[in-house]
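J.: Each chain is listed here by its residues.
2 protein chains.
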Amino acid sequence: MIVDQIVKPDFEALESALSESQGLDKVLVVFATCSVEWRGNRNGSIGTGQRIILCKPDGAISVHRPNWARAIARQGVNSTLELYPLETGFLLYASKSKGKHTIHIHLQEVPLVVVYSATDKAEPEHRETEEEMHAFIQSNPETLEDGLRILHHEHPIDVGTIDFVGADRSGNRVIIEVKTQYAKLSHVDQLQRYVKHYNRTDNASVRGLLVAPEFGEKTKRELRESGLEKCRLNEFQHQDLGPNQSSFERWQ
Amino acid sequence: MIVDQIVKPDFEALESALSESQGLDKVLVVFATCSVEWRGNRNGSIGTGQRIILCKPDGAISVHRPNWARAIARQGVNSTLELYPLETGFLLYASKSKGKHTIHIHLQEVPLVVVYSATDKAEPEHRETEEEMHAFIQSNPETLEDGLRILHHEHPIDVGTIDFVGADRSGNRVIIEVKTQYAKLSHVDQLQRYVKHYNRTDNASVRGLLVAPEFGEKTKRELRESGLEKCRLNEFQHQDLGPNQSSFERWQ
Numbered sequence: 001m002i003v004d005q006i007v008k009p010d011f012e013a014l015e016s017a018l019s020e021s022q023g024l025d026k027v028l029v030v031f032a033t034c035s036v037e038w039r040g041n042r043n044g045s046i047g048t049g050q051r052i053i054l055c056k057p058d059g060a061i062s063v064h065r066p067n068w069a070r071a072i073a074r075q076g077v078n079s080t081l082e083l084y085p086l087e088t089g090f091l092l093y094a095s096k097s098k099g100k101h102t103i104h105i106h107l108q109e110v111p112l113v114v115v116y117s118a119t120d121k122a123e124p125e126h127r128e129t130e131e132e133m134h135a136f137i138q139s140n141p142e143t144l145e146d147g148l149r150i151l152h153h154e155h156p157i158d159v160g161t162i163d164f165v166g167a168d169r170s171g172n173r174v175i176i177e178v179k180t181q182y183a184k185l186s187h188v189d190q191l192q193r194y195v196k197h198y199n200r201t202d203n204a205s206v207r208g209l210l211v212a213p214e215f216g217e218k219t220k221r222e223l224r225e226s227g228l229e230k231c232r233l234n235e236f237q238h239q240d241l242g243p244n245q246s247s248f249e250r251w252q
Numbered sequence: 001m002i003v004d005q006i007v008k009p010d011f012e013a014l015e016s017a018l019s020e021s022q023g024l025d026k027v028l029v030v031f032a033t034c035s036v037e038w039r040g041n042r043n044g045s046i047g048t049g050q051r052i053i054l055c056k057p058d059g060a061i062s063v064h065r066p067n068w069a070r071a072i073a074r075q076g077v078n079s080t081l082e083l084y085p086l087e088t089g090f091l092l093y094a095s096k097s098k099g100k101h102t103i104h105i106h107l108q109e110v111p112l113v114v115v116y117s118a119t120d121k122a123e124p125e126h127r128e129t130e131e132e133m134h135a136f137i138q139s140n141p142e143t144l145e146d147g148l149r150i151l152h153h154e155h156p157i158d159v160g161t162i163d164f165v166g167a168d169r170s171g172n173r174v175i176i177e178v179k180t181q182y183a184k185l186s187h188v189d190q191l192q193r194y195v196k197h198y199n200r201t202d203n204a205s206v207r208g209l210l211v212a213p214e215f216g217e218k219t220k221r222e223l224r225e226s227g228l229e230k231c232r233l234n235e236f237q238h239q240d241l242g243p244n245q246s247s248f249e250r251w252q
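These protein sequence lines are chains W and E, in that order.
Sequential numbering from 1 applies to the first sequence in my numbering.
Sequential numbering from 1 applies to the second sequence in my numbering.
In case anyone wonders, no lab produced these hints; they're calculated from the structure.
Watch out, some of these pointers could steer you wrong.
It does not matter which identical chain is used: a pair holds within one copy or between any two.
To be verified - Keeping only pairs whose Cα atoms sit at most 27 Å apart, straight-line, the calculated DSS-like set for lysine-lysine is: (1) K230 / K220; (2) K100 / K230; (3) K179 / K230; (4) K184 / K196; (5) K100 / K179.
Isolated chain W, as found in the complex (with noise of 0.2 Å):
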């Protein structure tokens, strides 16, 4: 691992380390004053401020303000990343999709650019909440309704995977369509959906029912209005982690 720093580069300098980085396992760190526009899924620009901007070997770009987490501009991989001269300054251009998708960056200032040789060969584990509750509604069905089995995990249908299809005490097809956050109406449309669209093979009516840590008084309005169920499944909130908590055993 080096970490490069140029003080304050001239055109020169900066252009060599953009290309050089490029490909190669380099990211450039790039403090700077500049205004922003970007062009693509999004438009919109920002006047003169001060930023971070990351140029990835792999073609990635993203302008960070010095606040929020969230990058103010960004474009993926495979953008090609240019330098200009501008009397005032430098024009960083990234470009993807021939021109589809484009960020221009009028760099004022420049105080420092660190060229920071990186390798990350790691593979991220997601270990999402939806696997755990779909893990655990599979082996405890009755905690959503006495007498529930279920019958199919991940059913693919012809507009959609149904998250689990289960026969009640009755006789009756439930479709499950199981969500960790707050349920909101766009969920239950594509309950609907799935009902709408499920193939009885059998005489069963077929009912829908939708779980969900919360559920708010619209969504539980049209949940009646369209003749389907709610199941309230808090056990998934999580749980207050502190410094020591990790699950990295090696960590303490």
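Could you slot chain E onto chain W? The hints should help.
T.: Coordinates of chain E only, in the frame set by chain W:
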């Protein structure tokens, strides 16, 4: 704009840089070999790799790998950032919403920390393509259908806001939902919800029309089966924008 560089900080140096940055206009950019674990809306972890961590004065934190534009872990403003000593390095711990959202970062090697005194008072201007599409439809409703008139723009009803309510040549009401992206099944659901809940003040019948640049086969079929209609409006594909085609006039 002041950029301070701390090469290979020890615990005290990193701890005081972190605590001094919070609340002041200082961003901490930490270059580190680290492993990370995150909990909250998403749960996951990643083993050891070389990464860049942005700690912002408003409490926002994001961990960036040397590839992809998106952060691997991110937490919003008002997080509490703390540093703890470990046998092998430091634990950078971010906690938000009473521990519901946490990030544990095991810093194993920290070759450089940059303390960036940055201010950014600029307000971003979002010129969403959606706004442009709305303005276009408002001015040119006949592009969607001969004789169509717009009655309301952004018409609130109980279950959302209808983009446009129009009247067709035969006096029917037309509920119009506008999408800037490829039309999806969930957009059909949304339109169907609006049509269902739209309160007719007269005896006119109600049609539903989904407007988007592209439609897939499943979406088309679902629209047909739901008795809804579609209109392809591809004028709003993004044009090719070169480095000299920014709208910042002062740039060249």
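J.: Compare the structure with the hints numbered earlier in the document and write down the numbers of the violated ones, lowest to highest.
T.: none
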